[in-house]
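2 protein chains.
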Amino acid sequence: MHTTLHSEQHFEASATVRDVVIGMSDGLTVPFALAAGLTGTMAATSKLVVIAGLAEIAAGSIAMGLGGYLAARTDRDHYESERQREIRETVELPEKETDEVADVFRGYGMSEEDLQPVVKAICADQKRWVDFMMRFELGFDEPDPARARNSAITIALSYIAGGMVPLTPYMLSANIFTGLSFSAAVTLIALFVFGYVKGKLTGIAPLRGGLQTVVIGGLASAAAFGLARLIS
Amino acid sequence: MHTTLHSEQHFEASATVRDVVIGMSDGLTVPFALAAGLTGTMAATSKLVVIAGLAEIAAGSIAMGLGGYLAARTDRDHYESERQREIRETVELPEKETDEVADVFRGYGMSEEDLQPVVKAICADQKRWVDFMMRFELGFDEPDPARARNSAITIALSYIAGGMVPLTPYMLSANIFTGLSFSAAVTLIALFVFGYVKGKLTGIAPLRGGLQTVVIGGLASAAAFGLARLIS
Chain W
3 MHTTLHSEQH
13 FEASATVRDV
23 VIGMSDGLTV
33 PFALAAGLTG
43 TMAATSKLVV
53 IAGLAEIAAG
63 SIAMGLGGYL
73 AARTDRDHYE
83 SERQREIRET
93 VELPEKETDE
103 VADVFRGYGM
113 SEEDLQPVVK
123 AICADQKRWV
133 DFMMRFELGF
143 DEPDPARARN
153 SAITIALSYI
163 AGGMVPLTPY
173 MLSANIFTGL
183 SFSAAVTLIA
193 LFVFGYVKGK
203 LTGIAPLRGG
213 LQTVVIGGLA
223 SAAAFGLARL
233 IS
Chain D
3 MHTTLHSEQH
13 FEASATVRDV
23 VIGMSDGLTV
33 PFALAAGLTG
43 TMAATSKLVV
53 IAGLAEIAAG
63 SIAMGLGGYL
73 AARTDRDHYE
83 SERQREIRET
93 VELPEKETDE
103 VADVFRGYGM
113 SEEDLQPVVK
123 AICADQKRWV
133 DFMMRFELGF
143 DEPDPARARN
153 SAITIALSYI
163 AGGMVPLTPY
173 MLSANIFTGL
183 SFSAAVTLIA
193 LFVFGYVKGK
203 LTGIAPLRGG
213 LQTVVIGGLA
223 SAAAFGLARL
233 IS
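Sequence order for the protein chains is W and D. Going by this note's numbering, the letters in the first sequence line up with residues 3 to 234, in that order. Going by this note's numbering, the letters in the second sequence line up with residues 3 to 234, in that order.
Don't take every hint at face value.
Since the list gives no way to pick one copy over another, a pair counts as held whenever it fits inside one copy or between any two copies.
Claimed, not checked - Pairs of lysine to aspartate or glutamate residues, derived as EDC-like cross-links and limited to a Cα-Cα distance of at most 20 Å, are as follows:
#	residue 1	residue 2
1	K129	E139
2	K49	E84
3	K202	D79
4	K202	D77
5	K202	E82
6	K202	E97
7	K129	E82
8	K49	D79
9	K129	E94
10	K202	E84
Derived by calculation from the structure, the hints in this document are not laboratory data.
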């Protein structure tokens, strides 16, 4: 059905964009902020910053990836359990459920006379009836079964890709402060480009999108740096 | 309207639960894994682990909180731009849009004769028409305006609350390995309780939920520890 296809493509694309955004914005920001924070302490060496950064990327990508997996699974389980409840209700409380279908159309200002054939057509078939309640009364779309796995992989890879950007300069620099300078320059540019592209994809102003991600990265690393300085 | 209220409460609750889950699962996991990873290196002292952990919590809570804020804002902007497009289309392509309303009902097996009065009633009012297309054709629910701010605060506080659990033992222990032992014990218990409660709230088996979060935390910290050992 054309309508359903349209709606699903729409959703699938924005779900993947959302996963890349979730993974990459944290991946670019947290290892960057952590590395900058550690550079501000007395004990730091380039090697220690790289170790801490890589440990963070490993932990963060696994935690966020599996977290995304479970969130998608939870959505799906939730959908299934709500669906089972609706199926039970069409059997146990058919009058109430029929009236809830009518309520949806009453909300659109239809007369009782006009809505009777619609309600009758929908409630004539149990699957159709439950589908209608799920989507139109409760606002659920049926989740894609491959969603959880795809979501996990997308989030984890985006996190790793993002995290290597701020860390690479520390690996290549002999001096830790040279590492910090290059890391900050490269990461702030990457954050801007990421926010700009994200803005384009999601339909907000690209320049605003770019500045937003730069500000987030800047705030997070300033907080990390400040806190590390304060207690070291 | 009762129907709308029901559906919105439903959504609002699961959105908040989702935010707590997003913030707390990472907050419990990433600082835990980072601290465990650093303990495995030569250079580590309790103080350094605490500094790195607190820097990570500051960075992670800000990055995830603001990330959640922007994600909710992006959803809202996306909703608004799609809505504007639908409004334009009802003016510029009224026949096509009218037919798309009819398509929704054709999908429910209604006859052409039965669906005419329904379609006519919906398309008689532009706001109602656009509302119908947004929800029933495109599957959008109107986002709550306070969502972005609430989402940011919920995610950030959940991250901080989660992150202090694995870090506190290192603050209280003179010896770093004592810190690690207590941190692992306390955090694995907290991960289990968190997963158990999350399971109860989201309707999945609590025991399975508890084991899942323990496995995620274990995998993330094993990866961080292994990587840190490997390169130190």
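Out of the numbered hints, which ones does the structure contradict? Numbers 2, 6 and 8 - these are the hints that the structure violates, sorted from lowest upward.
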